[in-house]
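Asks: Given chain A, put chain B in place with the hints provided.
2 protein chains.
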Amino acid sequence: MKIKLIIEYDGSQYSGWQAQEGQRTIQGELERVVSDVVHEKITLYASGRTDAGVNARAQVAHFEIGENFKFNRFQFLGSVNFFLPDDIIVKDACVVGDDFDARFTVKKKTYRYYFYVSRFERPLFAKFLRVNDNVSVDLMREACQYLIGEHDFKSFVARKSGKTNFVRTIYDAKILDFGDDLFAFEITGSGFLYNMVRIIMGTLIKIGTKKCAPNAMKEIIDGKSRASAGKTVSGTPLVLFSVDYGE
Amino acid sequence: MKIKLIIEYDGSQYSGWQAQEGQRTIQGELERVVSDVVHEKITLYASGRTDAGVNARAQVAHFEIGENFKFNRFQFLGSVNFFLPDDIIVKDACVVGDDFDARFTVKKKTYRYYFYVSRFERPLFAKFLRVNDNVSVDLMREACQYLIGEHDFKSFVARKSGKTNFVRTIYDAKILDFGDDLFAFEITGSGFLYNMVRIIMGTLIKIGTKKCAPNAMKEIIDGKSRASAGKTVSGTPLVLFSVDYGE
Numbered sequence: 001m002k003i004k005l006i007i008e009y010d011g012s013q014y015s016g017w018q019a020q021e022g023q024r025t026i027q028g029e030l031e032r033v034v035s036d037v038v039h040e041k042i043t044l045y046a047s048g049r050t051d052a053g054v055n056a057r058a059q060v061a062h063f064e065i066g067e068n069f070k071f072n073r074f075q076f077l078g079s080v081n082f083f084l085p086d087d088i089i090v091k092d093a094c095v096v097g098d099d100f101d102a103r104f105t106v107k108k109k110t111y112r113y114y115f116y117v118s119r120f121e122r123p124l125f126a127k128f129l130r131v132n133d134n135v136s137v138d139l140m141r142e143a144c145q146y147l148i149g150e151h152d153f154k155s156f157v158a159r160k161s162g163k164t165n166f167v168r169t170i171y172d173a174k175i176l177d178f179g180d181d182l183f184a185f186e187i188t189g190s191g192f193l194y195n196m197v198r199i200i201m202g203t204l205i206k207i208g209t210k211k212c213a214p215n216a217m218k219e220i221i222d223g224k225s226r227a228s229a230g231k232t233v234s235g236t237p238l239v240l241f242s243v244d245y246g247e
Numbered sequence: 001m002k003i004k005l006i007i008e009y010d011g012s013q014y015s016g017w018q019a020q021e022g023q024r025t026i027q028g029e030l031e032r033v034v035s036d037v038v039h040e041k042i043t044l045y046a047s048g049r050t051d052a053g054v055n056a057r058a059q060v061a062h063f064e065i066g067e068n069f070k071f072n073r074f075q076f077l078g079s080v081n082f083f084l085p086d087d088i089i090v091k092d093a094c095v096v097g098d099d100f101d102a103r104f105t106v107k108k109k110t111y112r113y114y115f116y117v118s119r120f121e122r123p124l125f126a127k128f129l130r131v132n133d134n135v136s137v138d139l140m141r142e143a144c145q146y147l148i149g150e151h152d153f154k155s156f157v158a159r160k161s162g163k164t165n166f167v168r169t170i171y172d173a174k175i176l177d178f179g180d181d182l183f184a185f186e187i188t189g190s191g192f193l194y195n196m197v198r199i200i201m202g203t204l205i206k207i208g209t210k211k212c213a214p215n216a217m218k219e220i221i222d223g224k225s226r227a228s229a230g231k232t233v234s235g236t237p238l239v240l241f242s243v244d245y246g247e
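For the record, the sequence lines run as chains A and B. When the letters of the first sequence are read in order and numbered with the working numbering, they come out as residues 1 to 247. When the letters of the second sequence are read in order and numbered with the working numbering, they come out as residues 1 to 247.
Hints are supplied without guarantee of correctness; some may be wrong.
One copy or any two copies: either way a pair holds, since identical chains are not told apart in the list.
What the hints assert, rightly or not - Calculated lysine-lysine pairs in the DSSO-like style (CA-CA distance at most 27 Å, straight line):
1. 127 x 91
2. 91 x 210
3. 206 x 91
4. 211 x 163
What the hints contain is simulated information worked out from the structure, not anything from laboratory work.
Just chain A, same shape as in the assembly (with noise of 0.2 Å):
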């Protein structure tokens, strides 16, 4: 029997999603709590992982219990949000088919990168990341539009990534305007490599303070090389918002 889980969780206090020996995680506190509360010991399996300090709005993870195991959707959100810390919430949960993997099946991920535009830092922004004041955010709206199709996304990965396959499509990449100078910027694609987002975010960064031109992330898409992209901005300010199956 399949168990189908959606997660919120504010990601500042933890070394990120995957259990790690010695160390606070998301899934350290999940499986730990979800065990309790099923009276057997269960492993989680995410969407993907999301790095130290990085927040989700709808990360999505399944376990698998025997087949007599009597799922009650109620209590079981009831007594595992009880036992949780404040800062990770079960939003829902429910049974799912034996093709469903909350990893191999993903269609599609969003996620937003909150940033403020200031000459100095603002008290009431503090998990976002500031920009300054010398940012044009309309010149980071128009390199967006490089990152959408299928590309090979090498200039964006992590040099400690292992992989090997950097091809990834991406369906929209925009920046969203809240008003009092913050912003996001939201991107949802097929799936994404380690860092991608926050690697793009400094690439953004990088032509909106005219370091380069918009243009320049076509070239650096093309160029395939790391060290053309931006740095690598914190993790804090980036937020897993939707895991898409295609149901």
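Replies: Below, chain B alone, put in the same frame as chain A:
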């Protein structure tokens, strides 16, 4: 010589604006740091106090200092912000005429109260007020119109307030929608009574959850009785958004 300051703060770690013996307050921190920077013991006068936990995006305050003080905006902002804690920042400072008074020459103030609609607590919105998903934001929106105009707001003042004149003018009152079930009640008025925004917000929730109809807002205003209004909601989701001196 009068200096006007624009201040942003996250109030969650403070016992409000007003300096109090043995308490950590916004005024206390600012007076200590500004006095050190200008080498003179100064007193700050704000547009109004904010309660414990309440935030400001653009609080305004002024202080007086001897005429021979050499004011350099960049030097002043740099020094003050270097020594202030991370959750308080002086966004701007300028010399103003003697007729300016941060408290007594205010024309309009705008507050925002952030809330989200959800069956459960959301880690990403931990600072905001949760309203259960049986609420109708449209009913709250409808009730807002009765607030606009000149009214006696005696129903919306904390009983311990020492005030006797409860007449205030509300220029605008509305619900902003930020997406993902996050909203803010935004209200602009000539001035606000102690706890007034928080009690109006509590009343809007009563209306949104159908404990009374939208036009009950008018009856509650006319009744001039604190007992008929809603409860005083938490201060943490409240932001003093702007202060307007008609300049």
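Asks: Taking the hints in turn, state whether each one holds.
Replies: Going down the list of hints, with the structure as the test:
| no. | hint | in the structure |
| --- | --- | --- |
| 1 | 127 x 91 | both (22 Å within a copy, 18 Å between copies) |
| 2 | 91 x 210 | between (42 Å within a copy, 25 Å between copies) |
| 3 | 206 x 91 | between (37 Å within a copy, 25 Å between copies) |
| 4 | 211 x 163 | neither (29 Å within a copy, 57 Å between copies) |
Taken one by one, the earlier hints fail for this structure only at number 4.
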